[in-house]
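Engineer: Please build the complete structure, drawing on both the sequences and the hints.
One-letter residues, chain by chain:
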Amino acid sequence: MNDKSGELARKIREAQERQRQIVTGGNDGSGEPGKDEKGKALRAGTDLVAALAVGIFLGYWVDRWLDTKPWGVIFFVFVGFAAGFLNIYRSQTGQDYKVGFKPTAPDAPKDGASGEDGKTD
Amino acid sequence: MANPLQQFVIKPLIPLNIGGYDVSFTQSSLWMGLAVISATLLMTLSMRSKSVVPNRWQNVTEMIYEFVAGMVHEALGHEGRKYFAFVFSVFMIVLMGNMLGMIPYSFTFTSHIVVTGTLALMVFLTATLVGIFRHGLHFFTLFLPAGLPIFLAPLIILIEIVSYLSRPISLSVRLFANMVAGHTMMKVFAGFSVMMAASSGLGMAGAVLPLLINTALVGLEILIAFIQAYVFAVLTCMYLKDAIELH
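Line by line, the protein sequences are chains A and B.
Note that my numbering numbers the first sequence so that position 101 is 101, with each residue one more than the last.
Just remember that my numbering sits 121 ahead of the position in the second sequence, which is counted from 1.
It should be emphasised that the hints constitute simulated quantities derived from the structure, not laboratory data.
Ideal Cβ placement from N, Cα and C applies to all residues, glycine included.
Please note that the accuracy of each hint is not assured.
Stated by the list, open to error - Chain A is nowhere near these chain B residues, computed Cβ spacing over 10 Å in every case: (1) Ile135; (2) Phe260; (3) Ser287; (4) Arg295; (5) Ala298; (6) Phe310; (7) Thr336.
Unchecked claim - Ranges between beta-carbon positions, derived for each pair: (8) Arg18(A) <-> Ala267(B): 47 to 55 Å; (9) Glu17(A) <-> Leu126(B): 40 to 48 Å; (10) Val49(A) <-> Ile131(B): 23 to 31 Å; (11) Val49(A) <-> Val130(B): 37 to 45 Å; (12) Leu66(A) <-> Leu273(B): 47 to 55 Å; (13) Pro225(B) <-> Trp61(A): 43 to 51 Å; (14) Arg64(A) <-> Met306(B): 51 to 59 Å; (15) Arg18(A) <-> Leu126(B): 43 to 51 Å; (16) Ser5(A) <-> Leu166(B): 55 to 63 Å; (17) Leu273(B) <-> Val49(A): 22 to 30 Å; (18) Trp61(A) <-> Glu200(B): 51 to 59 Å; (19) Gly268(B) <-> Thr68(A): 29 to 37 Å.
Structural biologist: Right, dumping it as structure tokens:
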């Protein structure tokens, strides 16, 4: 009797754990990457490099326009990096990628931006 | 023997030259045309009977339709119905491009950055124009996060603009890189097989190993072909959502 209820309790715990993993998209903080995590990681790579490429392109263009070689490229590399990290932050917190995602504080969804400014200096 | 990148070379089928520009009808154009024709045929022929109990083809069409409709509805809500046709077309051309590319001796036009780049730019410009037409100049508040201290504004706006401009690049590079990497990998393993079979003794028997890997890779590539089309369509929805809702 006691054995059975113990087993039932264990099964319920397992089911709840599964449910929680489904809700949180497989990321339960245990550090083991799920399928979704791998996709996110691949995406992070292109996001970072794309923003950096835009930054360098803008910097080059500004240099040619204002004749400030090399300061434009130097400045915009940092801006591009910040934008890249911002992209990654957004996709990792699900503000950009997940369909129908609603941030918990809908009036301040881009809070992460203020955390990035340190990287530009 | 076989250069794994040979498969991506563009070959003109009907050489054309208009006003100094090379506008030849290439095998890439041929497969793009085939993608559009096969998608259209799939949609129209399979729905001809319109039976309550669908047959196999009708089932496929209904599944694709409901998949994209669900995606658009989830991202954009009721408002999204206007943009369904656009997202569906983008999804179908990318899906057909990826899937037709899996047929042996065919050509994967999504493995060229000029194709994916044009698609991504089209999505990007559509989303931006939708935003500007809906919100006017108010659209540009997208670059100004709420509750931002004013002294940080110039820097953050710059970062946000770079982040926004990076979207079409990361969208196009992701699809292009996945297709090139996958098809190159398959060709490399196929090359192993051929070279080992051409040798003698143990190598000949071992030739079956790369073949086995390649069999698994074909399955993986079909999965990736679908996932990349899905990702392209989902991100199209997300960009439209940003433009419509303005956070």
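Engineer: A separate judgement is required for each hint: does it hold in the structure or not?
Structural biologist: So, going through the hints one by one against the coordinates:
1. Ile135: Given that every Cβ of chain A is farther than 10 Å from that of isoleucine 135(B), nearest at about 35 Å, it holds.
2. Phe260: Given a closest Cβ separation of 15 Å, the condition holds.
3. Ser287: Non-interface label fails for serine 287(B): nearest chain A Cβ at 4 Å, not farther than 10 Å.
4. Arg295: 5 Å, violated
5. Ala298: Check fails; 7 Å does not lie beyond 10 Å.
6. Phe310: 21 Å, holds
7. Thr336: For threonine 336(B), whose nearest Cβ neighbour in chain A is about 21 Å away, the distance exceeds 10 Å, so it holds.
8. Arg18(A) <-> Ala267(B): 47 to 55 Å: Given a distance of about 37 Å, which is not inside 47 to 55 Å, the answer is violated.
9. Glu17(A) <-> Leu126(B): 40 to 48 Å: 47 Å, holds
10. Val49(A) <-> Ile131(B): 23 to 31 Å: Holds: the Cβ-Cβ distance is about 25 Å, inside 23 to 31 Å.
11. Val49(A) <-> Val130(B): 37 to 45 Å: Violated, at about 26 Å.
12. Leu66(A) <-> Leu273(B): 47 to 55 Å: This hint is violated: roughly 23 Å between Cβ atoms.
13. Pro225(B) <-> Trp61(A): 43 to 51 Å: 44 Å, holds
14. Arg64(A) <-> Met306(B): 51 to 59 Å: 39 Å, violated
15. Arg18(A) <-> Leu126(B): 43 to 51 Å: At 44 Å between Cβs, range holds.
16. Ser5(A) <-> Leu166(B): 55 to 63 Å: For leucine 166(B) against serine 5(A), whose Cβ atoms are near 59 Å apart, the range 55 to 63 Å holds.
17. Leu273(B) <-> Val49(A): 22 to 30 Å: Once the Cβ atoms are compared, 25 Å apart, the range 22 to 30 Å for valine 49(A) and leucine 273(B) holds.
18. Trp61(A) <-> Glu200(B): 51 to 59 Å: Check failed, 36 Å falls outside 51 to 59 Å.
19. Gly268(B) <-> Thr68(A): 29 to 37 Å: Cβ of glycine 268(B) to Cβ of threonine 68(A): about 33 Å, so the range 29 to 37 Å holds.
Hints 3, 4, 5, 8, 11, 12, 14 and 18 from the list above are not met by this structure, while the remaining hints are.
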